[in-house]
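K.L.:
Please build the complex by placing chain B on the supplied structure of chain A, with the hints as guidance.
Take a look at the letters that make up each chain.
There are 2 protein chains.
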Amino acid sequence: MRLIFSLASIFLATGVHAQSLTLTSPDGQLVVVVSDDNNQPTYQVSLNDKLLIDNSRLGLAFKQQGEYSQGFNIAKSTRSRTNTTWVQPWGEQKTIRDNHQQMTVKFGRGEQHFSVNFKAFNDGVGFRYEVAKQPNMGESVDIVNEYTEFVIDKGDKAHAWWIPARGWNRYEYIYSSTPLHQAAHVHTPFTVKHASGVHLSIHEAALVDYASMTLNQRRNGTLKADLTPWSDGVLVKKKAGFTTPWRTIQVAKTAIDLVNSNLILNLNEPNKLDDVSWVKPGKYVGIWWGMHIGENTWGSGDKHGATTNETIRYMDFAAENGFDGVLVEGWNIGWDGSWFHNGDVFNFAKPYDDFDLAKVAKHGKSKGVRLIGHHETSGSVTNYREQMDAAYDLYQAHGVTQIKTGYVADGGDIKRVDENGITRHEWHDGQFMVNEYLHSITEAAKRNISINTHEPIKDTGLRRTYPNWISREGARGQEFNAWGTPPNPPEHIATLAFTRMLAGPMDFTPGIFDLGFNGLEGVNRPQTTLAKQLALYVVLYSPIQMAADLPRNYLAKPKAFQFIKDVPTDWQQSIALDGEVGEFVAIARQQRDSQDWFVGAVSDKHARELTISLDFLTKGKQYQAQIYRDGSKANWKSNPYDMVIENKMVAASDVLTIKLATSGGVAIRFKALD
Amino acid sequence: MRLIFSLASIFLATGVHAQSLTLTSPDGQLVVVVSDDNNQPTYQVSLNDKLLIDNSRLGLAFKQQGEYSQGFNIAKSTRSRTNTTWVQPWGEQKTIRDNHQQMTVKFGRGEQHFSVNFKAFNDGVGFRYEVAKQPNMGESVDIVNEYTEFVIDKGDKAHAWWIPARGWNRYEYIYSSTPLHQAAHVHTPFTVKHASGVHLSIHEAALVDYASMTLNQRRNGTLKADLTPWSDGVLVKKKAGFTTPWRTIQVAKTAIDLVNSNLILNLNEPNKLDDVSWVKPGKYVGIWWGMHIGENTWGSGDKHGATTNETIRYMDFAAENGFDGVLVEGWNIGWDGSWFHNGDVFNFAKPYDDFDLAKVAKHGKSKGVRLIGHHETSGSVTNYREQMDAAYDLYQAHGVTQIKTGYVADGGDIKRVDENGITRHEWHDGQFMVNEYLHSITEAAKRNISINTHEPIKDTGLRRTYPNWISREGARGQEFNAWGTPPNPPEHIATLAFTRMLAGPMDFTPGIFDLGFNGLEGVNRPQTTLAKQLALYVVLYSPIQMAADLPRNYLAKPKAFQFIKDVPTDWQQSIALDGEVGEFVAIARQQRDSQDWFVGAVSDKHARELTISLDFLTKGKQYQAQIYRDGSKANWKSNPYDMVIENKMVAASDVLTIKLATSGGVAIRFKALD
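Here the protein sequences line up with chains A and B, keeping their order.
With my numbering applied, the first sequence corresponds to residues 1 to 674, in that order.
With my numbering applied, the second sequence corresponds to residues 1001 to 1674, in that order.
So that you can see chain A by itself, here it is in the shape it has in the complex (with noise of 0.2 Å):
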């Protein structure tokens, strides 16, 4: 038996009113009420009165301690005010700011107790629990709960985009969209869409040190913190006196609001490394679209693609359209023979016989090209711990300014040397895992290195306080176009938008342009128009973007590559324009520095017709608007190459009309003219 109805009894029952504490954001719309009611912290959200977060519990369990949630009351409670504007030196925004209403609510049981701090938003909310040191609690504290709930009223009538958690693909999954009930353990950002309407993004911010949250569905509509544990079961080891990452909860009236919000930036620390100078947003091609279609190899032999003189023509081909680095995958000693699960093979120092580092370098140098580093460690990471120093300080010598570090491994198979010589498997969203991510960025900091993290831990803001942190993936990227089964389906852009871009940039490597490297009728191939992988520039954020696709295809479509060239990576402003969740979006973008706009919009496999008021433009100026759009023909099946390319003068007061065609897009460069 279950006996839902019993529920009702509890409260029939136990309707003991204790304390319950307010808290409203800035503009008034969205309110936090925290109550301990039944001796349980809880807190619940609404917008405009309407409820969209029912309560929900608070609290956490430690090994030594036990439980820290029933049978707790507020104690206490402090408040602040914050309104303030904050720089980044990269970014979609120049300038962000930070406007938000503060409680800390502290919550005790006799000696026992722990806080919770509250920041509302006009955009959403955050919280963290703050665990002081206190009398009878060990050194040692380790969790093995956390109780945090987000209880979606209505569930039964809200939808959900999602991925699953603990799955062996790590992040990179097609996105579910169901009813949110379906929605069993999965990946944050989790989007869900209220029976309002209203739109929430359910994250975390400033994962440091701690366990990454998924969400794990008990009742239907009440998602509970999951958190990813440790090879030995413990959730997360801390010692006594400490902060969580923050919980978000990202609070929407339409789907493009959640994009325009800067919540998580905003509940990360400010930056930490000073004079970030030497982080270089930009863009790049690279030695590794080859090896996906198959031409060529990682490991040695006739196709082995990373060579000195395939490196130089790279070099050369970047120097010539603008490209400011070249990726090259497959240099080092490892790739040959059995390296999945099995990253101990891996030598960070020691290239292939065909691959002349020096060489290389210094003729990157010599264009004004950079060498862009990589560094595969397939999960071992005992064995790229071990080496670590002396790969960044090798490529240090050499003037490499990033690198591209990968975690290919299963789930859960990340391998590790533990203290006593032991070999453990951990998750790549555990705290271990977590430390480790962290850990590389740090280090490669003080060489004034910049990474992009492939396999990564999911973003959640923490370029803002490591800004070398320059991109990651952690989604299906391009290259399940090359091999995935099935391959990126065409609503996967317009979900990205509005679930993994939420969290940060993304190093998706967009512009492929041989669409048919097996045919247009092959099952693997971007599903996508030409135009639509233009769009990818200006949708997906990242302050470093890949030209992803072959030298030649480039220079087989010189109009088309124009775009990829003249298109940014580093923003003035950002604002999402129109779209719904996997249906479609647009979004504009202002040149950093400049009066220049860019514009990308795609659609799902739907043609559709957007309509683009240009307000975003300053007024009384006069731009001239280089129009990259799907033919009246073009379709991502059969006549994906249909492109228009059209020059038109345009003003702030007008306004575009522009048809997608099925899996289309459109890229637009708004000159400003003087």
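Simulated from the structure, these hints should not be mistaken for lab results.
Backbone N, C-alpha and C fix where the C-beta goes; we use that ideal spot for every residue, glycine too.
Mixed in with the good hints there might be a few duds.
Stated by the list, open to error - A few chain B positions that, by computed beta-carbon distances, are all more than 10 Å from chain A:
| no. | residue |
| --- | --- |
| 1 | PRO1026 |
| 2 | ALA1240 |
| 3 | ASP1257 |
| 4 | ASP1356 |
| 5 | ASP1410 |
| 6 | ASP1514 |
| 7 | VAL1523 |
| 8 | LEU1614 |
| 9 | LYS1659 |
Stated by the list, open to error - Covered stretches of chain B (in silico footprint by chain A; criterion: 3 or more residues with CB under 8 Å from a CB of chain A, positions within the stretch not fixed):
| no. | segment |
| --- | --- |
| 10 | 1136-1145 |
| 11 | 1161-1167 |
| 12 | 1422-1431 |
P.N.:
Chain B in isolation, oriented as in the chain A frame:
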């Protein structure tokens, strides 16, 4: 990036073939191959050269000693052959044949080693780990991972029927019927239809002093053992020198052969209770349904169900109609107010003032009807433990021989107080509760009391070893039709027969005659015809069966009630005749020590014609078939009561053709004539 093709490269590069051992079933059709290729212990299973389970990983990881899997090689193997029969004191089968070939494979790495014991039956495979004491293995062995995999060959073409694991509602979910890859994390028995049409059921046998095995889909098609953890995160806590439960794979050429398998029972230990003549199958009524439909309450007051007078009324009804037991819920102090999540309020010695335990027990004895005890713990197991001896003694003193226990609590919210006085929350299916449930069985056995566990641990065949574990719940039962959202759908029974019922008896509590207690249009009602309610007594095996409805509803339909009076609950043999998972099922059972047979069949939402060849009857014997079938106008929605009762003379050579209505059924008694 994911790099699926790198998997291929493993085998290309390290196809070192070390050793492989083959075990076949007695009929030679089923073949198990155990190998240590690439220093990785694996097994695979095929049927008549058709691969079913591809190379699947074996091994464990310990907190203290690390991984016992990768790096281990076959060191030794021993074989044996068994072909015997044994007798069930009660059951769906009196005599069971145990016919299998056995092979124990020892894997070693240096001085570390473990063994896997495989048994190949004609109807499937079982294997378990045996970890002997060995050098440098301390006293404590904490299991932190079990690597056991079940890699379904051609998984992308397989279908599955499943309920989610690690959820709040324990096993009480509507079964999902989906492509295999949609089953993310599931409970067992897990039923899969292989691309070849072969049906598989993955489960476990003899779950004792270990955590329940759930299945987590890693790579698509790869199901990995996921053991339900302790509240401190450790999976299983053992002392050096232990064996695990049996991991089982039932293999059936047709769906019904899953039902006709005895694999699970054959992998359990023989009866440990010696004389169990005091364990009595039977039929009961009780003070129960009235609470679920709101006519009565568990708690005190005007509508209190468990009063002395009401109990006596039920006992008289039971005696007049051939029932031997009366269940009384809500008889003891604790039901008033908030007991959910708060089971400490229950007192198992203190009846309510309006319930005279001695008087009703005495009255029952005079009528030859036993009082059936009831202990609802609401998951507060420490509270139950502390009172268990006294509570069982009290019942024994009043002649109670059967107790229904209850553990209503959200998944993961079983409450216990540990040795340090700290409150912990455990899962219903973790090692702690696995032991707790069995403790109540062995304590009850000392007093010749049988236990019918609700909100139980799943059944793994322990009724063979402890025959007083008479039945249990462990799925969505009849009460969901009273208040479940939604109620059990029309396909529920035809799904249970091929999933939950493969584990063992279920106390579903069939026989609701008033299908319109909310009006037939009401959402909450049994979504069945009346004839289907009768069919449940044969289709859903349990040695104890309730007539769940109110006495007045049986008195209103005496002709239909006659079948419930006639149907036995203990059988000589059982034969699943026909069926498909989730569509329909027909089962024939021979009454124990009798010539009479009974048949029950049910349909899903589709009406269908069922053809039953009676060749299971004794050749040359005449039988009167008493048939309770859907009428020609019957349908579950608007006309569920249209039922035809007719008698026919039949023999083994006859074939019956019977129409089942939408969500309909048929119940037949074959009375042997001499």
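K.L.:
So, for every hint listed, does it hold in this structure?
P.N.:
Structure-based check of each hint:
1. Distance check on PRO1026(B): its Cβ is at least 36 Å (rounded) from any Cβ of chain A, clearing the 10 Å threshold; non-interface status holds.
2. A cut-off of 10 Å between C-beta atoms confirms that ALA1240(B) is not in contact with chain A; the least separation is 17 Å.
3. For ASP1257(B), the condition that its CB be more than 10 Å from all CB atoms of chain A holds, with the nearest at approximately 31 Å.
4. Listed as outside the interface, ASP1356(B) is consistent with that label: its C-beta sits roughly 26 Å from the nearest C-beta of chain A, beyond the 10 Å cut-off.
5. At roughly 6 Å from the closest C-beta of chain A, the C-beta of ASP1410(B) falls inside 10 Å, breaking its exclusion from the interface.
6. At roughly 19 Å from the closest C-beta of chain A, the C-beta of ASP1514(B) stays outside 10 Å, upholding its exclusion from the interface.
7. Residue-level check passed: VAL1523(B) sits 13 Å from the nearest beta carbon of chain A, beyond 10 Å.
8. Non-interface call for LEU1614(B) relative to chain A: holds, since the shortest CB-CB distance, roughly 38 Å, exceeds 10 Å.
9. For LYS1659(B), the requirement that its beta carbon stay farther than 10 Å from each beta carbon of chain A is met, with the minimum near 34 Å.
10. Residues of the segment 1136-1145 of chain B with a Cβ under 8 Å from some Cβ of chain A number 3, which satisfies the need for three, so the listed coverage holds.
11. Check on the segment 1161-1167 of chain B: 3 of its residues sit with their Cβ under 8 Å from a Cβ of chain A, so the three-residue criterion for coverage holds.
12. Using a Cβ-Cβ cut-off of 8 Å, 4 residues of the segment 1422-1431 of chain B lie near chain A, which meets the minimum of three, so the contact claim holds.
The structure shown violates just one earlier hint, number 5.
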